[in-house]
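Protein chains in written order, with the working numbering: chain A, 185 to 486; chain B, 2 to 327.
Take the hints with a grain of salt, since some may be wrong.
As the list claims (entries may be wrong) - The list that follows gives simulated cross-link-like pairs (lysine-lysine, BS3-like), each with its CA atoms no further than 27 Å apart: (1) Lys-223(A) to Lys-429(A); (2) Lys-275(A) to Lys-233(B); (3) Lys-286(A) to Lys-233(B).
Keep in mind the hints are simulated off the structure, nothing from the lab.
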Amino acid sequence: MAWFKKEKYTTLKPPVMKDRIPEGLWTKCENCFNLVLTKDFEENLKVCKKCNHHHRLTARERIAMLADEGTFQEMFSNVQPTDPLGFVDSKPYSERLKAAQKASGHDEAVVVGKAEIDGIPVGLGVMVFEFVGGSMGSVVGERITRLIEYCTEYSLPLVIVSASGGARMQEGILSLMQMAKTSGALSRLAEKKVPFISVLTNPTTAGVMASYASLGDVIIAEPDALIGFAGPRVIQQTINQILPKGFQKSEFVLEHGFLDKVVHRKDLKKTIALFLHYFTGQKPRSWSDEEVTEASENRVSA
Amino acid sequence: MAITAFDFEKPIIELENQLLEREKQEPRDEEAIRALREELERKQREIFENLTPWQRVLLARHMDRPHSMDFVQGLMTDFVEVHGDRGFADDKAVVTGFARFRGERLCVICQQKGRDTKENLMRNWGMMHPEGYRKAMRVMRLADKFGMPIVVFIDTPGAFPGIGAEERGQAEAIARNIRDMFTLQVPIVCIVIGEGASGGALGVGVGDRILMLENSWYCVISPEGCAAILWKDRGMAERAAEQLKLTAKDLIALEVVDEIIPEPLGGAHRDPQTTFKNVGVALAKNLEMLQALPVNELLEQRYLKFRAMGKFVELQQDEATSSQSE
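Based on the sequences and whatever the hints tell you, model everything.
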């Protein structure tokens with residue numbers, strides 16, 4: 185019909201750079217696609233220097249970043265998954281578990297243990313998103329609950345870093361009940377006035393967000409993390425509307441009053457240490473005497 | 002009778018119609034009528050004793066099935082409703098208040114579905130917002146303060162997934178309810194009467210006793226939701242319902258639910274009066290049992306009840322370290 189219509193511009197394929205770059209030297213940012221030297225990227229805790237995008241850390245990297253060197257001791261790793269329902273979708277759950285163990289290098293979706301954060305002893309739990317979307321089944325619930333009970337018994341402050349799509353469907357109702365189990369244990373921790381700092385990373389949603397992740401005495405999130413109850417796709421399908429920009433991102437959640445702070449990854453450890461100081465009275469090891477004096481002088485002059 | 006029938010009920014409906022015809026015929030053939038009645042009952046038993054999980058899901062959603070407030074009206078007297086979360090609004094997807102059951106004071110929390118479109122719009126199809134969870138907690142705290150046992154009727158397709166719900170902290174509201182229900186110093190009985198979907202149900206579902214009507218379901222996700230995620234096809238809901246182990250019998254086997262309350266033959270909607278009676282008997286028995294416990298024991302048992310939930314393997318510590326180093 186419209187024979188006079190302007191033709192589309194020809195699209196040229198960008199030259200393939202891959203061949204000329206040695207594998208692993210450069211890392212491309214997931215968000216702005218800029219190339220950064222992998223060494224710099226790692227040194228910057230996997231945060232893009234250009235756009236500030238926080239890339240996902242593995243649980244091991246997270247522990248290395250938060251716990252003082254050599255202080256982390258894993259606990260309750262003897263609690264191992266099983267297939268209580270005999271669940272089969274495209275493949276049996278038991279096989280899915282094995283595949284997840286192989287792919288993630290972790291045995292389940294959470295690692296828990298004892299550690300020191302800037303010299304302050306804590307119970308530390310870190311979720312493994314690479315393991316079935318960080319979903320909470322019986323093992324995650326049990327390990328977290330044992331950690332909470334351990335912290336309750338020894339009055340040890342608790343820090344949990346969440347990254348989870350929610351409860352694990354393949355364990356049915358048992359996954360749902362882990363929300364009750366962990367939250368019940370937290371009610372006893374609170375009764376004993378032991379602090380709990382909940383750290384949310386991208387993403388923390390559904391069953392985990394609707395249980396322990398929301399129950400911290402303070403809740404800290406990394407920038408631009410997806411945080412919410414229902415996933416954005418489900419909401420969009422239910423209400424049939426375009427979701428507002430930034431919906432369910434850390435800054436949005438902070439604005440609505442459900443977070444205490446959004447903290448850049450490089451400041452996360454010292455922020456946690458500061459809260460631990462306020463809640464326990466213990467001083468972070470890195471605070472030199474000078475710093476303390478300086479701070480108190482500031483207070484006097486202010 | 003204008004009762005919606007499912008495909009699997011067709012043989013029953015046919016027999017019922019035959020029976021109606023026969024009864025109208027003059028002269029009455031008592032022999033044939035009796036034979037038909039027996040045949041009908043046999044057929045009903047055969048079908049209802051072998052319901053698939055998906056058929057139970059359909060029954061749990063039957064539009065004529067008694068809803069939470071029907072149980073309050075059928076079992077209790079002097080009901081007085083209280084409204085609002087004192088923070089934002091009055092969520093009508095949950096009805097809260099006080100009632101008398103066999104002469105005793107009770108706090109009742111009802112997840113409430115509507116009967117028709119108009120009522121469903123008001124009740125939001127039984128899907129609560131954060132203010133609903135907060136209202137429920139406010140009223141449960143009154144029960145705690147004034148020493149009334151709490152009865153929760155659970156019937157929801159899930160907590161509402163919407164923009165406002167997220168802005169007002171749906172996750173926080175549910176999490177806080179779950180945690181704080183562990184601290185309420187009065188007996189709590191939860192009864193799943195229809196659908197018990199996910200955190201939406203658990204947000205008012207931490208109880209000392211959890212009972213389920215025979216044809217209700219309770220699960221971490223709806224069969225449709227599960228099918229959409231795992232099979233990328235909502236049409237696989239029937240398959241998902243089988244895999245998820247969500248019927249009352251399954252939940253007894255998984256040690257999550259304490260007791261199944263039997264429904265009359267053909268489902269609760271066929272004979273609501275008998276359903277109320279059965280629920281009343283179970284409720285009275287469980288309340289009596291719980292009220293005999295001292296408070297500290299009640300709270301300890303509630304904690305241990307949920308503490309024991311979940312299935313996992315526990316290796317010897319040295320096995321664990323060796324499997325880790327592999």
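**Report entry** Numbered hints the structure breaks, given as an ascending list
**Finding:** When the structure is compared with the hints, only number 1 turns out to be violated.
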